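Trainee: Construct the entire structure; sequences and hints are all you get.
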Amino acid sequence: SRLNNDVVGAQRAISETIVTIISNIVSLVGTLAILLTLEWRLTLLGLAILPLFVLPARRVGRVLRDLRRRSLEISAEMNATMNETLNVSGALLVKLFGRQEREMQRFAEDAAEVAHIGVRSAVIGRWFFMMLSIIGAVGTAVVYWVGGYLVLQDAFTIGTVVAFGSYLAQLYGPLMALTNAPVEFAQSMVSFERVFEALDIPVEIQEKPDATFLAKVNGRIQFQDVSFSYTDADSGGLREVTRFSWMGGGNTALLKRGKARENGDGAENGTQAEPEQRWALQNVNFTIEPGELVALVGPSGAGKTTITYLIPRLYDPTNGRITIDHHDLRDVTLNSLAHNIGMVTQETYLFYDTIRANLLYARPDATDEQMIAAAKAANIHDFIADLPDGYDTVVGERGYRLSGGERQRIAIARVVLKDPSILVLDEATSHLDSLSEALIQEALGTVMQGRSSLVIAHRLSTILAADKILVMEKGQLVEQGTHEELLARGGLYTNLYETQFKPTE
Numbered sequence: 440s441r442l443n444n445d446v447v448g449a450q451r452a453i454s455e456t457i458v459t460i461i462s463n464i465v466s467l468v469g470t471l472a473i474l475l476t477l478e479w480r481l482t483l484l485g486l487a488i489l490p491l492f493v494l495p496a497r498r499v500g501r502v503l504r505d506l507r508r509r510s511l512e513i514s515a516e517m518n519a520t521m522n523e524t525l526n527v528s529g530a531l532l533v534k535l536f537g538r539q540e541r542e543m544q545r546f547a548e549d550a551a552e553v554a555h556i557g558v559r560s561a562v563i564g565r566w567f568f569m570m571l572s573i574i575g576a577v578g579t580a581v582v583y584w585v586g587g588y589l590v591l592q593d594a595f596t597i598g599t600v601v602a603f604g605s606y607l608a609q610l611y612g613p614l615m616a617l618t619n620a621p622v623e624f625a626q627s628m629v630s631f632e633r634v635f636e637a638l639d640i641p642v643e644i645q646e647k648p649d650a651t652f653l654a655k656v657n658g659r660i661q662f663q664d665v666s667f668s669y670t671d672a673d674s675g676g677l678r679e680v681t682r683f684s685w686m687g688g689g690n691t692a693l694l695k696r697g698k699a700r701e702n703g704d705g706a707e708n709g710t711q712a713e714p715e716q717r718w719a720l721q722n723v724n725f726t727i728e729p730g731e732l733v734a735l736v737g738p739s740g741a742g743k744t745t746i747t748y749l750i751p752r753l754y755d756p757t758n759g760r761i762t763i764d765h766h767d768l769r770d771v772t773l774n775s776l777a778h779n780i781g782m783v784t785q786e787t788y789l790f791y792d793t794i795r796a797n798l799l800y801a802r803p804d805a806t807d808e809q810m811i812a813a814a815k816a817a818n819i820h821d822f823i824a825d826l827p828d829g830y831d832t833v834v835g836e837r838g839y840r841l842s843g844g845e846r847q848r849i850a851i852a853r854v855v856l857k858d859p860s861i862l863v864l865d866e867a868t869s870h871l872d873s874l875s876e877a878l879i880q881e882a883l884g885t886v887m888q889g890r891s892s893l894v895i896a897h898r899l900s901t902i903l904a905a906d907k908i909l910v911m912e913k914g915q916l917v918e919q920g921t922h923e924e925l926l927a928r929g930g931l932y933t934n935l936y937e938t939q940f941k942p943t944e
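Using the numbering used here, read the sequence shown as starting at 440 and increasing by one per residue.
Derived by calculation from the structure, the hints in this document are not laboratory data.
Computed from a prediction, not measured in an experiment: that's the story for all the values here.
Just so you know, not all the hints are guaranteed correct.
Straight-line alpha carbon distances no greater than 27 Å define the calculated DSSO-like cross-link-like pairs of lysine-lysine that follow [what the hints assert, rightly or not]:
#, residue 1, residue 2
1, Lys815, Lys655
2, Lys907, Lys857
3, Lys647, Lys857
4, Lys655, Lys907
Mentor: Right, dumping it as structure tokens:
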């Protein structure tokens with residue numbers, strides 16, 4: 440909404456309102472000069488009604504500005520509702536829970552309110568313009584009445600009064616337009632405010648002017664007393680919606696749109712409550728050597744995903760430092776980090792485009808041979824080749840035309856084509872069939888060869904193949920070592936192994 444409605448509103452203020460003001464000022468000054476030349480006393484009389492033009496404008500401007508702000512807020516909510524409920528996942532969820540009528544009702548209510556605000560704004564605007572016209576007519580009538588009296592007193596000629604009245608009408612036209620301009624501009628200022636709210640959002644991940652460009656890294660990763668709090672990273676509201684909103688769990692976006700009570704979160708007035716300090720990581724220390732495979736395990740909410748977000752510097756640690764080849768991430772260019780780090784998440788995202796475009800997104804200058812080699816490494820080439828359009832097949836929104844395993848293998852192929860030195864991935868095999876799972880495991884094994892790899896492990900085969908296992912609990916690294924070493928200690932890892940990973944008899 441801010442990129443569409445608000446930008447258009449701001450553009451209209453610049454291209455129309457300001458131009459109108461300038462042109463009418465020029466016309467007003469010229470006409471006023473002629474009137475003063477004809478008869479300065481009648482000119483002062485004609486200008487005596489000027490306060491009647493100005494005073495209503497301030498009140499009307501405030502009312503229309505508030506209505507405009509409310510209309511834009513509701514329009515933004517309608518756009519968000521459409522984006523949520525009309526995409527593949529949202530539409531499926533709505534149908535599964537039988538909420539079609541509720542969503543249609545909510546959209547209809549918002550649309551009706553926008554229409555009501557539009558009608559009310561139009562009525563107020565026309566009423567204001569009518570009042571200006573009446574005031575102008577009264578002013579002209581008064582001037583004609585006084586002028587007629589002075590003609591009877593032989594102070595003026597009829598021609599002077601008629602000419603003066605004609606020019607006075609030309610004076611009131613620009614005057615009415617200038618009086619109405621602040622009212623129009625007040626509505627446009629709402630768009631300016633909303634646009635600048637977005638532009639003024641601080642860029643949290645900033646690159647230093649003298650940042651170091653890392654070419655091809657060896658892949659040594661070190662966490663040194665790293666602590667992290669999402670409260671520090673995202674204080675809520677628009678910042679979370681704009682910046683990595685897909686990471687925050689979604690509640691902030693709902694609160695921003697005034698649905699707090701409906702969703703069971705937030706304060707009574709629908710605004711976001713002041714967040715409390717919550718540590719996702721506390722004093723984490725570990726090292727990944729070049730080419731080493733490290734498995735990350737732990738219960739849900741232990742901080743595993745947070746660690747994977749910190750390595751590509753999607754966030755900066757609250758305390759401590761993270762280094763790659765002894766370079767602090769905050770001293771390295773973001774582009775070189777992106778070039779050296781490949782990431783595969785559980786929720787694979789594919790653009791509404793062809794398979795070719797999705798693969799080449801990682802490396803636009805790659806040749807067809809390189810792309811096909813990457814697809815073969817990810818065990819997806821044969822599937823693509825069997826499609827009627829091959830690599831030019833459109834995958835649909837978020838890749839909905841493909842199965843979960845096919846999307847995952849395309850994501851792996853995309854990372855292979857990128858050829859990073861460091862691989863960060865979250866295994867997504869629990870919801871796949873055995874064939875897809877085997878193909879993905881084989882592809883991952885190929886991808887991780889010779890690369891420093893950090894894997895949020897869900898499969899026993901990954902854990903057994905790992906050079907080192909990191910065990911997380913409540914944001915703390917409680918154990919690390921090999922599979923045999925950790926089992927011998929009889930700690931948290933042993934419990935996880937017994938309940939989650941140990942094969943059944």
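Trainee: Each of the hints needs a verdict: does it hold here or not?
Mentor: Here is how each hint holds up against the structure:
1. Lys815 / Lys655: 24 Å, holds
2. Lys907 / Lys857: 25 Å, holds
3. Lys647 / Lys857: 25 Å, holds
4. Lys655 / Lys907: With Cα atoms ~24 Å apart, lysine 655 and lysine 907 stay inside 27 Å; holds.
When the structure is compared with the earlier hints, no violation turns up for any of them.
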